[in-house]
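Undergrad: Letter by letter, the chains look like this.
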Amino acid sequence: MQPSIASRDYAPQTADVPVLALSGITKSFPGVKALDGVSLELFPGQVTALIGENGAGKSTIVKTLTGIYQPDAGEIRVAGKPVRFASAQDAARAGITAIHQETVLFDELTVAENIFIGHAPRGRFGMIDWAEMRRRARDILARIDAELDPDTPLRDLGIASKHLVAIARALSVDARVVVMDEPTAALSHKEIEELYELVDRLKSEGRAILFISHKFDEIFRIADRYTVFRDGAHVGSGLMADVDEADLVRMMVGRDVDQIFPDRVKSPGEEVLKVVGYAHPTEFDDIGFSLRRGEILGVYGLVGAGRSEVMQALFGITRPSKGAVKIDGAIKVIRSPADAVANGIVYVPEDRGKQGAVIGMPIFQNVTLPSLSQTSHRGFLRLAEEFALARRYTERLDLRAAALDQDVGNLSGGNQQKVVIAKWLATQPKVIILDEPTKGIDIGSKAAVHAFMAELAAEGLAVIMVSSEIPEVLGMSDRVIVMREGLIAAELEGDALTPETLVRHAAGIGEDRP
Amino acid sequence: MSDMTARHLPDRLQSPAARLLQSWELLLLGLAIAIFIANSLASPYFLNAWNLSDATFNFTEKAMIAFAMALLIIAGEIDLSVAAIIALVSTAMGAAAAAGAGTPLLVLIGLGTGLACGAFNGLLVTRLGLPSIVVTIGTMSLFRGVSFIILGDGAYRSYPPEFAYFGQGYVGWVISFEFVLFGLCALAYYVLLHRTNFGRSVFAIGNNATAAQFSGIRVGRVKFMLFLLTGLMSGVAAICLTSRLGSTRPSIASGWELEVVTMVVLGGVSILGGSGSIPGVVIAAFVMGLVTFGLGLLNVPGIVMSIFIGLMLISVIAVPRLWRMWRG
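Just so you know, the protein sequences line up as chains E and Y, in that order. Per the UniProt record's numbering, residue 1 is the first one in the first sequence, and the count goes up by one each step. Per the UniProt record's numbering, residue 1 is the first one in the second sequence, and the count goes up by one each step.
Note that these hints are calculated values from the structure, not bench results. All values reported here derive from a predicted model rather than from experimental measurement. Treat the hints with care, as some may be off.
What the hints assert, rightly or not - Cβ-Cβ distance ranges computed for the label pairs, FRET-style:
| hint | chain 1 | residue 1 | chain 2 | residue 2 | range |
| --- | --- | --- | --- | --- | --- |
| 1 | Y | Gln14 | E | Phe106 | 24 to 34 Å |
| 2 | Y | Leu130 | E | Asp107 | 21 to 31 Å |
| 3 | E | Arg84 | Y | Leu20 | 33 to 43 Å |
| 4 | E | Phe125 | Y | Leu128 | 52 to 62 Å |
| 5 | E | Asp145 | Y | Ser141 | 34 to 44 Å |
| 6 | Y | Leu297 | E | Arg84 | 35 to 45 Å |
| 7 | E | Val83 | Y | Gln14 | 52 to 62 Å |
Claimed, not checked - Incomplete in silico selection of chain Y near chain E, CB under 10 Å:
| hint | residue |
| --- | --- |
| 8 | Arg12 |
| 9 | Thr196 |
| 10 | Gly199 |
| 11 | Gly302 |
| 12 | Ser306 |
For glycine and all other residues, C-beta sits at the position ideal for the given N, C-alpha and C.
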């Protein structure tokens, strides 16, 4: 083996010696074995895609190699030498850095401060050398073609620019391993292309990249190698050139997955919800639509078109300034989520961690939280009935957990989503609003969510699905509302519902003005 | 997703008994027993029914407030004005007594003033969205300040004779009225926190107020109720304390807010909210009462006692953490 050279340029290292190698890594949490003897190798100048369903152990391995978790067993080698990361600082010192799904940056600090936080250049007396910091920030930003002013506060930047700052931060520590955890989840098409170019540049500089994504087109576009996890175990790894999409899917789920959307008999019943002239001072205006029992209404639009805001107003989080809501023909005033739930409207938010599950509380208590009046007697809890209700709905959703009294925080993202959905189904709602229900979840869970939505609609529930994924919108919806800049740009149905019409209305291209 | 793949989920990973064995409450109970034994070895006067009965007055009034405070802290809020509420309540009762009010009216005035103070704190926190620690530091000065303006250097002493029962009466033998009231409050708050929907929503709010709101819980209303309860319990404590002392000065119960918070935290309630239990607070009340009483019997001066209580609080919080760091 070549001796590792302490140099800024890692390219000369032979590409077949992994710069980072994890082997036999095992990590358990109370009741869950998150990782069971897995291995992962990252090579200089190559992109390795880490693929797996939700709960496969992807986040756990990332936290292990960035020093946040310490493995119960197994070995980590950096450039062939065994190491132990006692903390995130240790991993950073070894040149490993991660860019997370939701970037972990500081909104109140400037771009330059974010890039250099924790390792700012020091001048005399150990004070921060601001001029040097700005200069170096400008250099790094120029290297990635990011036209950002180092003095801009981060809160003034969009999500794509924040990603650039995160990448600049990775470059500033001269990382030899860059972990990208679903970096494209919130980016537009153009921004994704720019990210690909950046990844290519990082590759050419000899850095090893671990790329986590659920999007296969992306993986095939930029990855050189793959590693697949399933249920906390290593299933396979190799060169991307040797596999096709079907192979990877088979490895991920351990079976062939039907990627076709479920067949549905469309038989909408009577109108259950009608929204008239809904308006908000800043977010949306003149929103009107109706919804029938057994119908799935898709709501499509670009990020920031006001879709979630309308849904949160329906759910009583924000107050509309004008307009009315009719449920089963009667006008209802919804001032709070409690009112919405009482009127049969429930909302599965996009932000599961903050708004969905109450982390720190057991699964069964999360499920019964809005249904306590059902399971209790005169305000007194009845645990047996709570467990029964929680079991009925979590088992229906095939929740993967050790026990019903386990903290939801110990579940994977997909399983937390199932707990949130179970919570709402237990209230026996009339209208369920799902905000980006399959965002960031893998193909297997996605198909399961789709099948489940179809099942709910067949049982007579009215479903509103907010989604940014065109195949999902087309595959699931009976009818689609397209929103743009806070207004309904179009309502599409039948033959008018095509990828082109969706994109055209969402972006406002070639609009016929009446 | 379908019934074919459904798996059976057990209710619990551990039996409730196994959980109890690892609980903070059990550890604290061990500490209480150790202090009890140490006290009885250190002083020959300790194991005396009347002395022990007297000792309960060290904690009964504070513990009544601590129960309500525990709920408030679990929900992620705090009320530092409780001792000032006692001063204001006591002053209001003193003024009424001086004007010739009878015992039933004094009790009503006491409870009403406590509720009003709690409502004032609660409105500022839930309606204006102000942080409770700031609001109640403000009302702490406000309530006691009003009491100072009314009383100055003076004191109210003209309480009717039957008013003395609340703080000096005995239900039977050595069992004081206050001790019985303490027991009833402990039971009531145990049921409220651990056995009702209201208590469940308190935990949900403390763990994640946003998700609780998104789950249909009326977060503002629950928090307001908790401030009301804390005000009410401060009123109850003020009645007992005023009755026991037989007089009202504006400096009454000064420094109690920190002792109440200490009791709550010692009882295993997370200062960050989201977890805790009433049995823990009950045991913590006994621990604090036994320590102060034991040290008192040994003629340890008050300031040394507060040093001791401070050290005890820091060590019970630090030791479990050090233990975890050492193990992992």
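Undergrad: Now, for every hint given, state plainly whether the structure supports it.
TA: Do the hints match the structure? See the list:
1. For glutamine 14 of chain Y and phenylalanine 106 of chain E, the hinted distance range of 24 to 34 Å is not satisfied, since their beta carbons lie about 40 Å from each other.
2. In this structure the hint that leucine 130 of chain Y and aspartate 107 of chain E lie 21 to 31 Å apart at CB holds, the actual value being about 22 Å.
3. Between arginine 84 of chain E and leucine 20 of chain Y, the C-beta spacing of about 37 Å keeps the proposed range 33 to 43 Å intact.
4. Our hint of 52 to 62 Å for phenylalanine 125 of chain E and leucine 128 of chain Y is violated, since their Cβ atoms are close to 44 Å apart.
5. Between aspartate 145 of chain E and serine 141 of chain Y the beta carbon distance is about 57 Å. The supplied range of 34 to 44 Å is therefore violated.
6. For the pair leucine 297 of chain Y and arginine 84 of chain E, the beta carbons lie near 53 Å from each other, so the given range of 35 to 45 Å is not met.
7. Checked against the given bound of 52 to 62 Å, the beta carbons of valine 83 of chain E and glutamine 14 of chain Y, roughly 36 Å apart, lie outside it.
8. Because the smallest distance between the Cβ of arginine 12 of chain Y and any Cβ of chain E comes to about 5 Å, under 10 Å, the interface hint for this residue holds.
9. Hint on threonine 196 of chain Y holds. Least Cβ distance to chain E is approximately 5 Å, under the 10 Å limit.
10. Among the interface hints, the one on glycine 199 of chain Y holds; its C-beta lies about 8 Å from the nearest C-beta in chain E, closer than the 10 Å criterion.
11. Restraint check, glycine 302 of chain Y versus chain E: the minimum CB separation of about 39 Å is more than 10 Å; hint violated.
12. At its closest, the beta carbon of serine 306 of chain Y sits 33 Å from a beta carbon of chain E; the interface hint therefore is violated under the 10 Å criterion.
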